[in-house]
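Taking the hints into account, I'd like the entire structure generated from these sequences.
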Amino acid sequence: MMVPALRTQGLGKRFGAFRANSDITLAFAPGARHALIGPNGAGKTTLINLLTGALAPSEGDVFLGDERITAFSQHARVKRGLTRTFQINTLFPRLTVLESVLLAIFERDGQA
3 MMVPALRTQG LGKRFGAFRA NSDITLAFAP GARHALIGPN GAGKTTLINL
53 LTGALAPSEG DVFLGDERIT AFSQHARVKR GLTRTFQINT LFPRLTVLES
103 VLLAIFERDG QA
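Read in order, the letters of the sequence shown correspond to residues 3 to 114 in my numbering.
Do not take every clue at face value.
Label pairs and their calculated CB-CB ranges [to be verified]:
1) 73 to 101: 32 to 40 Å
2) 44 to 108: 33 to 41 Å
3) 12 to 87: 20 to 28 Å
4) 107 to 67: 15 to 23 Å
By construction, these hints were calculated from the structure, which means they are not laboratory data.
For every residue, glycine included, the Cβ atom is placed at its ideal position computed from N, Cα and C.
Given below as structure tokens:
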């Protein structure tokens, strides 16, 4: 059986009494591409922040391959190849596309 590239088990996030996400169980096969769609306030950004470590879950777990990464920092997740992009992605407007990609690779490999 193939190990999913990324998966969640019972993932959820509460902000006080408000439940932003609840009992999310997903599995993504290696190389798969998916879209996350929904109306404003549906919890899409919260889910991405849980996956990437920007937010700690209130419950559940996140796995990268067969490794449980729920408690890992964003930085540790980036080092393992899990990160996100933003809609506005001009972080370094003076760099070329190639320089921007190389910078990301160097950071991932610990060369930056």
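Evaluation of the provided hints:
Taking 32 to 40 Å as the suggested C-beta distance range, the pair residue 73 and residue 101 conforms, at roughly 33 Å. For residue 44 paired with residue 108, a C-beta distance near 36 Å keeps the hint of 33 to 41 Å intact. About 27 Å separates the C-beta atoms of residue 12 and residue 87, a value consistent with the hinted range of 20 to 28 Å. A C-beta distance of roughly 20 Å is found between residue 107 and residue 67, which places it inside the suggested range of 15 to 23 Å.
Consistency with the previously given hints is maintained throughout, with no hint failing.
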